[in-house]
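A.B. asks: Keeping the supplied structure of chain A fixed, place chain B upon it in accordance with the hints.
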Amino acid sequence: MGLLPMFQDFMDKGGNVLWAILFMAIWLWWMILERYWYFFAEHKLGKKACISTWEARDEYTSWYADRERAQLISEVDCSMLKNLKMIPTLIALLPMFGLLGTVTGMIQVFDVMAFMGSGNPRAMANGVSAATIPTMAGMVVALIAIPFATGLDRRYKRELRLLKTALKQH
Amino acid sequence: MFRAICIALLAMMPMLTHAQGTQSLKDLMDEVTANASTEAKRNKEREAKFRAAAGEQESLMASAEAEVKKQEALRDSLRKTFDENETVLAELQDLLDRRSGDLGELFGVFRQTADDAESIIFASLVSAEKPERKAIVSELAESAEIPSIDQIRSLWQLLIQETALSGELSRFKHEVINPDGTTYDADIVRVGAFNVVTGDKYLNYLSEDGTLVELARQPAGYARSSADTLTSAAPGEVVDFTIDPSRGALLGLLVQSPSLMERIEQGGTVGYAIIIVGIIGMLIVLERMLSLMRTRSKMQRQLKNLDQVEEDNPIGRVMQAYFEHRHLDLETISRKMQEVIIHDMAGIRGGLSIVKVLAAVAPLMGLLGTVVGMIGTFQAITLFGTGDPKLMAGGISQALITTVLGLCAAIPLLLSHSMLAARATQIGKMISEQAAGLMAKKAEADAKGA
Chain A
1 MGLLPMFQDF MDKGGNVLWA ILFMAIWLWW MILERYWYFF AEHKLGKKAC
51 ISTWEARDEY TSWYADRERA QLISEVDCSM LKNLKMIPTL IALLPMFGLL
101 GTVTGMIQVF DVMAFMGSGN PRAMANGVSA ATIPTMAGMV VALIAIPFAT
151 GLDRRYKREL RLLKTALKQH
Chain B
1 MFRAICIALL AMMPMLTHAQ GTQSLKDLMD EVTANASTEA KRNKEREAKF
51 RAAAGEQESL MASAEAEVKK QEALRDSLRK TFDENETVLA ELQDLLDRRS
101 GDLGELFGVF RQTADDAESI IFASLVSAEK PERKAIVSEL AESAEIPSID
151 QIRSLWQLLI QETALSGELS RFKHEVINPD GTTYDADIVR VGAFNVVTGD
201 KYLNYLSEDG TLVELARQPA GYARSSADTL TSAAPGEVVD FTIDPSRGAL
251 LGLLVQSPSL MERIEQGGTV GYAIIIVGII GMLIVLERML SLMRTRSKMQ
301 RQLKNLDQVE EDNPIGRVMQ AYFEHRHLDL ETISRKMQEV IIHDMAGIRG
351 GLSIVKVLAA VAPLMGLLGT VVGMIGTFQA ITLFGTGDPK LMAGGISQAL
401 ITTVLGLCAA IPLLLSHSML AARATQIGKM ISEQAAGLMA KKAEADAKGA
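Residue numbers (my numbering), protein chains in the order written: chain A, 1 to 170; chain B, 1 to 450.
Pairwise CB distance ranges (calculated):
| hint | chain 1 | residue 1 | chain 2 | residue 2 | range |
| --- | --- | --- | --- | --- | --- |
| 1 | B | Glu339 | A | Lys164 | 22 to 32 Å |
| 2 | A | Lys164 | B | Pro258 | 55 to 65 Å |
| 3 | B | Ala123 | A | Asp9 | 26 to 36 Å |
| 4 | A | Glu34 | B | Ala123 | 57 to 67 Å |
| 5 | B | Arg171 | A | Val140 | 45 to 55 Å |
| 6 | A | Phe115 | B | Met374 | 16 to 26 Å |
| 7 | A | Asn16 | B | Phe323 | 49 to 59 Å |
| 8 | B | Asp150 | A | Phe115 | 40 to 50 Å |
| 9 | B | Thr382 | A | Pro88 | 39 to 49 Å |
| 10 | A | Lys164 | B | Arg335 | 16 to 26 Å |
| 11 | B | Ala249 | A | Leu81 | 51 to 61 Å |
| 12 | A | Ser52 | B | Met293 | 29 to 39 Å |
Restricting the straight-line Cα-Cα distance to at most 25 Å, the calculated cross-link-like pairs of lysine to any residue (SDA-like) are:
| hint | chain 1 | residue 1 | chain 2 | residue 2 |
| --- | --- | --- | --- | --- |
| 13 | B | Lys336 | B | Asn305 |
| 14 | B | Lys304 | A | Gly46 |
| 15 | B | Lys356 | A | Trp27 |
| 16 | A | Lys82 | B | Arg423 |
FYI, nobody ran anything at the bench for these hints, they're computed from the structure.
Ideal placement from N, C-alpha and C gives every residue a C-beta, glycine not left out.
So that you can see chain A by itself, here it is in the shape it has in the complex (with noise of 0.2 Å):
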């Protein structure tokens, strides 16, 4: 068997909830993926301009200076915070995806039940199928995120922290 055939046939046994979390899986790793090219990349251009121009300033003690060292700040932290926060958010929502493909498997095999009654599991394997395939993906899909988001998250911390250090008050 093929790889394409293999993933229509888990597909199939899946459910329409299935292809819900994959596109949810897709957009998750789309955005991982994303925010560490940020910090790879981006964000030393971003971060080396910030201190630029805080030491083109010819003083650091005023209250102008003050606002303009949180506005250069929070440019930073806007670009750093852009999708962060979904990715948390899309982790918590896989497992409930995967609850709802569980309850839509459970009505399919309650539907087998009606028609065939209980005495036919063979009928019932689809709906079985349907039911703990999603769970188990929607789990999977987020357990492997969550190490990559909080690696993230502390990474956003500790950017943001150099960023106040960097930018100094004499």
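C.D. replies: What follows is chain B alone, placed relative to chain A:
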């Protein structure tokens, strides 16, 4: 003999009384003597006759005994023949059994196969195209006699034909019954013994009366479009087609499976309440999203043009607060600006908490529906016992559907709450820090210039 005489004497007694006198007595005497002699003579005759008869009886007896002997001999000979025949019969039966051998089994198998073939051919979709096969197979299945070679051959041919036809695609014309009861003639495409379609519609074959009925509920869109491509395919063209391997049983169940609206109805009151909560939540989200977008675009415009203060956006209002109080000391200016910012942030963050609450409430309502449905199920069990799962189905459907609805309402609400919160935070940072910073820069430049 003496008794006979006495009887005769007694019979003459009345005559004696009538014939009075001695004369009459003498006559009587003569008469009696004469009578006695006649009597004796007659008795002799009878005696002789009896003697003769006795002899005759003896000869009769002898002949009867001879007859009995003869019949007994006949009986013995017949019994012997019978016994002989019996053995011959047994031998012949044995011979018959030996000679017919497997043929007896063959006839049994023939009957069984004919019965099976009858049910197969009656239910087969091929019979919609070739209804004449039904009569042939019923005749074979119902005949009680030993089948002839022709009959055996025709059964074999029917089965071969069924096998061959179930692997081929054919087009024919047939009457189709609509779900609303009207009929029309249509071009039918039969895919083996599995499916019949016309256009993009799947048909159901009713074997009892040999009619084709359009399914009231058709399968999913891709299956219908594959039926359409099959119907319009050119000869020899290879097309994909979605087949029902259960020969129509699954498609038949499709008609009974509830539609989306029926499913929502199964949720009951709690289900509708969840839907209302979801709709209210989404309306709030929509309103918030639009207003945040508007605020943001106005802020962007203001940030591009810092010289002219516009009062329709938070940054403008912060700037205005600064310009109004610029003659005061910095501490007071900060306080005044903070006041404006706090006021604006309340407007920006407003509604978000409601969305969050609704997102939390929707799954809880789903749980409520689950419990209500379970109560209904247990009520049914109390009343009717667990014997009939269908009586419990209503409660179970409600329990499951409300959970689904709760999740379906909560997921988009949570998602949009997170988006809105991120956007609101961003806007808040823009107002409180960036606006202040920009203004400070501008004021500093002004102060230097002055």
